[in-house]
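Given the sequences, and given the hints that come with them, work out the whole structure.
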Amino acid sequence: MQEELFTSGRNIPNIDPSLQIWHWPISLYLFLGGLAAGILFFAALFYLLGKEKEYPTAVKTASIVPPIALSIGIMALVYDLTHPLYTWQLYTTFRIESPMSWGAWVLLITTPLSFLWAFSFYRESYPKTESKLKLFKKLKFLARTEHFIISNRKYIAYALIPLSIILGVYTGILLSAFNARPLWNNAILGPLFLTSGLSTGAAAIILLSKSRNERRVFSKIDLALIVIEMALIIHMIMGYYAGSQVQLEAMELLVGGEFTLMFFGFVILLGLLVPATLETIELFGFKVPVVVPAVLVIIGGLLFRFIMVEAGQLTRYLY
Amino acid sequence: MRYAMVIDTLKCVGCSDCVVACQTENNIPHGYCRDWITEAVSGSYPNLELELRSERCNHCDNAPCVRCCPTGASHIAEGGIVLVTPDKCIGCGACIESCPYDARYQHPDGYVDKCTFCYHRLKKGQLPACVSVCPTKCMYFGDLDDPNSDVSQLLKNRTYKTLAPEAGTKPHVFYLT
Amino acid sequence: MTFIIKSKQINQYICIRKTNEIMVTSRRKFIKISALGLGGLATTSAALNMFESNPILDKAVKETVAKRLSRSATYCEVCFWKCAAWIYKDEHNDIKKIIGNEQDSHCNGRLCPRGTGGIGMYSDEDRLKTPLIRTTINGEETYREASWDEALNLIASKFKDIKANYGSEAFALLKHGSPGSHLEHLFKAYGSDTIAEPAYAQCRGPRETGFGLTFGSWIGSPEPTDIRDTKCLVLIGSHLGENMHNSQVQEMSDAIDNDATLITVDPRYSTAASKSKHWLPIKPATDIALLLSWMHVLIEEDLYNKNYVEKYATGFEELKKHVKPYTPEWAYGITTIKPEDIRKTARIMAAAAPSVIIHPGRHVVWYGDDSQRSRAVAILNGLLGSWGNRGGFYFKEKISIPKYPHPHYPEPKWGWHDLGTQYPYAEMGLTTAIVDATLQADKSKYPIKAWMVAGTNLINTLPQREKTIEAINKLDFLVVVDTMPMEITGYADVVLPECTYLERYDGIRSAPNRTPSIAVRIPAVKPKYNSKPAWWISKQIAERLGLGAYFNYDDFEEVIAWQLNKLGTSLEEMKKIGVKNFPRQSGPLYLEVEQDYEFNTPSGKIELYSKELANYGFDPIPVYVPHPEPPQGFYRLNYGRSPMHTFSRTINNPYLNNLKSENTLWVNPKVARILNLKKDQEVWLKNQDDIISTFSIKVRITERIRWDSVYMYHGFGHNNKKLSRAFGKGMSDTDLISSTVIDPLMGGTGLRGNFVSILKENPHKTKEI
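Residue numbers (our numbering), protein chains in the order written: chain B, 1 to 319; chain V, 320 to 496; chain U, 497 to 1265.
Hints are computed from structural coordinates only; laboratory data are not their basis.
Worth double-checking, as some hints may not be accurate.
[Claimed, not checked] Calculated lysine-lysine pairs in the PhoX-like style (CA-CA distance at most 25 Å, straight line):
| no. | chain 1 | residue 1 | chain 2 | residue 2 |
| --- | --- | --- | --- | --- |
| 1 | V | Lys443 | U | Lys1072 |
| 2 | B | Lys210 | B | Lys128 |
| 3 | U | Lys592 | V | Lys442 |
| 4 | U | Lys1022 | U | Lys1218 |
| 5 | V | Lys442 | U | Lys585 |
| 6 | U | Lys592 | V | Lys443 |
| 7 | U | Lys625 | U | Lys1072 |
| 8 | U | Lys909 | U | Lys656 |
| 9 | U | Lys1072 | V | Lys475 |
Predicted model only: the values in this text are computed from it and were never measured.
This is the structure in structure tokens:
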């Protein structure tokens, strides 16, 4: 029999018996960051492709989501810091090896850009709101700013494409960079979280879209993303199988442990397979309320991040 | 200069004096500790082995905590000592997540705290508190770059191991077996 | 050869002592290094000092580490080892740390965790804060806070009442540790010699008898075991390393470095067993069989130390005849230790002799034949010639402290002597005899009607708890002096809060060692709350009894100063150095070659055969007598020390509680499988007398314990709610020790004959229904 214990009674808050360092705000942030990245990516992409007329939601209407999502995300992030008064220290340096540093800087650039992007479409997309608020009448400089942004929109879009990809990948790499947490420590997590982010972004666009054609196109995009995501998840689990003892133990949490139901039932089945099936059925011309697969994808994406953050912290190298 | 700690598991009795000495020396709040004792039993009665290890931050050469720190609060100081600057630490917890030894914790004041090899004592020419108090004298501390230091000689003449070498962190706390 | 290196880099107080040159050659090269390591530190520290200062870090360090520390001398009171130490406090008079005194042979500058965590005794917010007097409010008994004056007046009036009605002798003192000596002085001045401490009959008494009968000398404390220089250390049920008898643990580590052979006899895979080349997992309660068999091998194989035995011992022929039948094969059937292992270990001891120690142990009250077992240990040492030889037992020496002048004590009509007369070798007061005399007070000519209890938690110290409580209920008066609320304080009529050792003067520590030494205890800070030192309490009571002449000083400091002057030093000097070592006066540490030596026994020799015992009708040479074994479904209850705690006294200490806040029940995996026990499952225990543990205990499934026994650390399971950290945590083994076997020689209470069954359902719940 093997036995290993702390004989000096170590029981440090949030460390023992397993880490509880990152809580729900981190999961929420990872989800919102991915969602924002997805929407921004599609917005910039279709704008640059010159398809803003065909896909107005993706380019214009949904652009209201990323600034809100990122703002909430950042607040959640700061909320989970234990020394938040020193947050500014993030911006005194750039640590090339630290995903967190990358994330901080990417957020610092992307968030204002997302605001500018949304602002540039504000009067066009939400004329009714503006007619009530009359912001442009009250604040004269807004029109000038708007004009300036619109004339430079192309450059913002060029910037947003790589930024949104970095943002989406980073939410995964943030976790996968920790080799101390065997569940997280695999190279798939970056692309997987990016795909998942794009997928939730597409789903959000479907939800907001009023154009049947746009919804159809994004359903197809979403379906493709789900297929990729499934492939990546299978790849990830195969990676655990082929991994070391600690990774095998980590995988147990997902495939035969306390997170199995959540992971397979809610993330894989309800969050991926069911919406994929519904979207396929729709492709074949059957009527499916679009809201259903889109909502499932979004909830699945959110749960996925909660599970990964929670379960990952249960896995450790020693003890 | 490369500081290292060498701990003789054949002598350690697991009394935990190192833990208390660290707590009083470094003013660690109750309920927290920068070092701890692990007891590992293997075999079956009466063919048994028992290993007692005083564990702490391994002051790794390839320190994941330093790499992932977004502000540079976690850094490698002289002699390879991994330190945290409280005034730079935002308490994001990334370093805690990154440590395979779970050697870091959030200090109640918000910043992340861990073993410093008693940096403040080293500067005065004193040994770390845990080493200086150990009743079994099972802990050694010194400079690995100096081939004549206790630690260099012990590692030369004895068999030893580090913890979780497969994590690739290149720890600098060694256990004589 | 001891010398001191001072280095500029080293803080002037951090002197590094080089231990004796180690002569033994070894297969491990590193030994030289580690021996030199301490001396070599001078170079290390030069290397350590090469840092440039780092302003950011300096700031960080400033936050957590106190800068300007001053220190004062003390010796530790967390256990009986009494290591000399320095108390460091900062500019706000806050005690920051306690560090061992480098010059002290009890600790060599290294305290154990309890000593280092001694600050917790001072800072514990659950401390007794003010005198308490038992009172009845609305029909419910409770305590009310009282002034010292009121409490002391009440106590003094009780002293007078007892004296008037029953004689001073009827007031008993039960004590442990430093406060005891002050109160003992009070009691003797008052006319009572009815004094006892659990350290005798519940701990080390039998070994003193066993060694006294054999070598004419007590072992005493600290034990004069020359572990540092031994070639073979044999531990029998002694869990060195789990008991942190500081310098002994240090020397065991030195012995490991020196490649000495460790042999441990223990049914449990103790820490010491894990360090041993040979662990003999003996069946509990059969040690004497093993010891006799070892003697058999040594004599039959002609391996014993012939010159030594011839010169210094008597009764060899009787011993030879006696152990003839005790072959290893005979012992195998009893001890379950293989004959070849018995022979092998006997030969190892013989090869190492006389540098071999069969350790006398410390807590040796096991099965009631403990004096005889200790005698067997002593005889084995005698056969090997270890007494008085390097690497065996050295000749200890201590300084006698001059008595501060006081009037003669009155002669008590009776005292502890008279309570234990059926035990001819009871050489100190027996706590259990005091309990019995209290219970018999109405019929006995030695009626005990009042107790003062100081520094010992009798409820968790004495076996047969119900009997202790019954005795307490018969008392007219019980006063308890302690620093912490304990179980015993809950039974007191008056509770007096003593200040901790960090806040008071106490007597000069003088203990037997290789070289005699003294250490002083100087208060580092003023007493916290409304607590007072024991010397002050004693003096105050004495003055109220008209015995002020016995306490002819205002402050105990005067006594120490006077004594130190007589010893050729001064309080001033001692405040600076803490410990003073004196040269030996009594001759060399070991026997010289062919030296004539008279042992303090009737024959003047080491008595392998004791006529005295034969005359009393006891076995002149120990014999093995089988002891009861656990019945079906029961397991032998074994208990021991955790290195982080001293008895039940430190469980609430915030530092030490952090290390171990509750004990666990060690259960062999086989037993766990049979009973279907899970790790950390809460269970209750019921013993052979149907006594059920007060609290539950968590199961630890471990290979370290035999399948016929269970094991737990002693001291846990406090049921005083005032102990916020310790209350209800873990189980008290004393709960379940209702059966004792009394040692017929000296009255020790054998505690290891209790058997328990494991209950998985809460028995207290079903009771309520």
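Each hint tested on the structure:
A distance of roughly 22 Å separates the Cα atoms of V:Lys443 and U:Lys1072; the hinted pair therefore holds under the 25 Å criterion. Between the alpha carbons of B:Lys210 and B:Lys128 the distance comes to roughly 17 Å, so the proposed pair stays at or under 25 Å and holds. Taken as a hint, the U:Lys592 and V:Lys442 pair is honoured in the structure, with Cα atoms around 20 Å apart against an allowance of 25 Å. As the CA atoms of U:Lys1022 and U:Lys1218 are separated by approximately 24 Å, the hinted pair is consistent with the 25 Å bound.
Using a Cα cut-off of 25 Å, the hinted pair V:Lys442 and U:Lys585 holds, with the two alpha carbons roughly 21 Å apart. About 18 Å separates the Cα atoms of U:Lys592 and V:Lys443, which keeps this hinted pair within 25 Å; it holds. Annotation: proposed proximity of U:Lys625 to U:Lys1072 is violated, straight-line Cα distance about 31 Å (limit 25 Å). For the proposed pair U:Lys909 and U:Lys656, the alpha carbon gap of about 17 Å is at most 25 Å, so the pair holds.
At roughly 42 Å between alpha-carbon atoms, U:Lys1072 and V:Lys475 are farther apart than 25 Å, so this suggested pair is violated.
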